[in-house]
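Chains as they are written, first to last, in the numbering used here: chain A, 4 to 299; chain B, 5 to 208.
A couple of the hints might just be wrong.
Dumping the calculated EDC-like pairs for lysine to aspartate or glutamate here, alpha-carbon to alpha-carbon at most 20 angstroms [claimed, not checked]:
(1) B/Lys50 x A/Asp164
(2) B/Lys50 x A/Asp167
(3) B/Lys204 x A/Glu103
(4) A/Lys136 x A/Glu172
(5) A/Lys216 x A/Glu242
(6) B/Lys64 x A/Asp190
(7) B/Lys50 x A/Glu166
(8) B/Lys50 x A/Glu158
(9) B/Lys204 x A/Asp190
(10) A/Lys114 x B/Glu189
(11) B/Lys133 x B/Asp78
These are computed hints drawn from the structure, not numbers from a lab.
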Amino acid sequence: MKLGYFPGCSLHSTAKEFDLSLKAVAGPLDVELEEIHDWSCCGSSSAHATDHLLSIALAARNLSLAEQQGLSQVMAPCAACFSRLATARHEMAHDEEQAELVRPMLARPFKNAVEVQNVVALLQGLAGRIKAKATPLTGLKVACYYGCLLVRPPEVAQFDDPEDPTSMEQVVAATGATAVRWSRRLDCCGAGFSLSRVGSVVRLGRAILEDAKASGAQAVVVACPMCHSNLDLRQSAMEARRASLGLPILFLTQLVGLALKLDPASLGLERHFVSAVGVMRALAAPAPQQLPATRG
Amino acid sequence: MSLAIGPGQRLEDSVSDGSSHPDSSLAGDLRRATGLNVAACYQCGKCSAGCPMAAEMPLKPHQMLRLAQLDLRDELLSDPSPWLCLTCETCTARCPNEVDPARLIDGLREIVFKSGSAVAPLRLRAFHKAFLRQIRRHGRVFEVGLIVDYKRRTGALFDDVLSAPAVFRRGKLALSPSNIEGRDEVRRIFEACGQAAARKEVHS
Chain A
4 MKLGYFPGCS LHSTAKEFDL SLKAVAGPLD VELEEIHDWS CCGSSSAHAT
54 DHLLSIALAA RNLSLAEQQG LSQVMAPCAA CFSRLATARH EMAHDEEQAE
104 LVRPMLARPF KNAVEVQNVV ALLQGLAGRI KAKATPLTGL KVACYYGCLL
154 VRPPEVAQFD DPEDPTSMEQ VVAATGATAV RWSRRLDCCG AGFSLSRVGS
204 VVRLGRAILE DAKASGAQAV VVACPMCHSN LDLRQSAMEA RRASLGLPIL
254 FLTQLVGLAL KLDPASLGLE RHFVSAVGVM RALAAPAPQQ LPATRG
Chain B
5 MSLAIGPGQR LEDSVSDGSS HPDSSLAGDL RRATGLNVAA CYQCGKCSAG
55 CPMAAEMPLK PHQMLRLAQL DLRDELLSDP SPWLCLTCET CTARCPNEVD
105 PARLIDGLRE IVFKSGSAVA PLRLRAFHKA FLRQIRRHGR VFEVGLIVDY
155 KRRTGALFDD VLSAPAVFRR GKLALSPSNI EGRDEVRRIF EACGQAAARK
205 EVHS
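Isolated chain A, as found in the complex (with noise of 0.2 angstroms):
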C-alpha cells in the first residue's frame, strides 16, 4: 500500500520519535511511505487564530504539492497536521468564495482530490495485520488518550465518534495490551499553550495523568506531537508537591513496535522524559502463557 506521507513540522523535531516509530513498522505491515516534496508548514493555531484565509491556503498548497506527485491520499500523522489538511480540503470543497481566493495562490493546478487521513485510522485499518504479526503484550495496561483533534470536529475529521471513540482501543487490542476504561481521553492537553501559558497545560495535563493513573493504566499511548510533548515533558511540573505520576507516554506507532518485537531505539523510546524502561522490564518478563511469534 503506497501512501503520502506529511510529517510537519514536530515530527523533524520535538517528535522525532513518531517518525522513527512510523517508519519502522511501515516495513513490517508492508506500508510505502512517499514524502510529499518541498513540504511546508501546515499553519498549525497561529495561523487559524490570526487569519483564516492564510491557514486554509498554507495547509492546501500541501495539498496541491501531494495532488501533483500522484498521490490520491495523504497520511499526517500529527492530530493538529491532519485538522489543518482536512480542514482546508473540507473548506475547499464547500466555500467556493474562499475557495476561489486560494486557487491562484497556490503555484500549481488543484482539484482538490486528495483525501486526509490520520495515523490512528491507518493502524486500525491495519489491525488484523498487526494482530498477525504480533507477539502479545500480554499484561500491558495502557490508556488511550484521543484529545482533541482526531475526532473533532466531527465533519472535519469525519473519523470514528466525536464523544466515545474506539478507534486506537482496536489497535490497542491488536497489540495484546490492554486499553483501561478512563474518562478523560478527549480532553484538551493544552495544545499550543506549551510555550506561551504553561500554567494551563500543566492544569489540563494533570487531570489527565491522575485519571489515566488512577484507571491502571502503566502507560499513556498518544498520536499527537503536541500531546505528547505537553504530557511527557511537563509531567515533572504535574508533579510537583503531589502524587508521582511516573507515567510513559507512548506514540501508538510505539506501541505497535513493540508488538513487532522492533529495537527500542529504532522507535525512540529513549527519547521520552519519563522513561519507558519500566514498561519494558514488565513486558520482558516471561508472561504465564506467552504465544509462539509468528515473526521475529
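Position chain B relative to chain A; hints supplied.
Relative to chain A, chain B alone:
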C-alpha cells in the same frame, strides 16, 4: 444598533446579509470573517460547560457570543478570553444549534489581531507572531528560531522555555532551519492573504 427586538422580528434579522447596508455591528464583522451567524446562539451554555479553559476565562464562551449579539464590541474585544481558547473544538462538536463557537472565537481573534490592537495577552500574541514568522522565512517552523524570537518579543529571557538543554540532549531540536525550495511560494501566500484582508477592510 438598537437592542430591542420588535414584534415579528427575529434577532437574526438585525444582522444584515450585506446586500443593502453593510452591517457595521460586531455580528456583521463576524459574519464577514467567518460566514457564521452569531445570532443563532440561544445561550444554552453547553459550550461553556465542556470548555477546558472556561475556569480561566473572565468571559465564558456563551458569554462571548452574548456580548457579540448585543454588539458590546469594546467589552468583548478588549477582553483576554478569546485568546485563551485552545480550539479543542469541544464546543463546536457539542453545540445543538451548529453555531460553531470555536470558529467564531477564531473570528474574534482575527478581528483583534488585524486591528493591531494590543489587547491579546503579550505572550500569546508574541507566540503567534514568532510562529508565523518562522513559516514565512523558512516554509517550516525552526524551533530554536521560534524560541529565540518568542523570548525577544516577550522579554522572558530566563523562562524555562521547553527545558531547552534537556530537549536538545534528546535530539529533539534541529541545529539549523530546513529551508524549503518553495519559500517564495509561501511568502507569496502570506502576501496574497495580507492583500485579501486589506481589500476586505476597504469594502466593509
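Taking the hints in turn, this is what the structure says about them:
no.: 1; hint: B/Lys50 x A/Asp164; in the structure: 19 angstroms, holds
no.: 2; hint: B/Lys50 x A/Asp167; in the structure: 18 angstroms, holds
no.: 3; hint: B/Lys204 x A/Glu103; in the structure: 15 angstroms, holds
no.: 4; hint: A/Lys136 x A/Glu172; in the structure: 18 angstroms, holds
no.: 5; hint: A/Lys216 x A/Glu242; in the structure: 12 angstroms, holds
no.: 6; hint: B/Lys64 x A/Asp190; in the structure: 17 angstroms, holds
no.: 7; hint: B/Lys50 x A/Glu166; in the structure: 14 angstroms, holds
no.: 8; hint: B/Lys50 x A/Glu158; in the structure: 19 angstroms, holds
no.: 9; hint: B/Lys204 x A/Asp190; in the structure: 36 angstroms, violated
no.: 10; hint: A/Lys114 x B/Glu189; in the structure: 19 angstroms, holds
no.: 11; hint: B/Lys133 x B/Asp78; in the structure: 23 angstroms, violated
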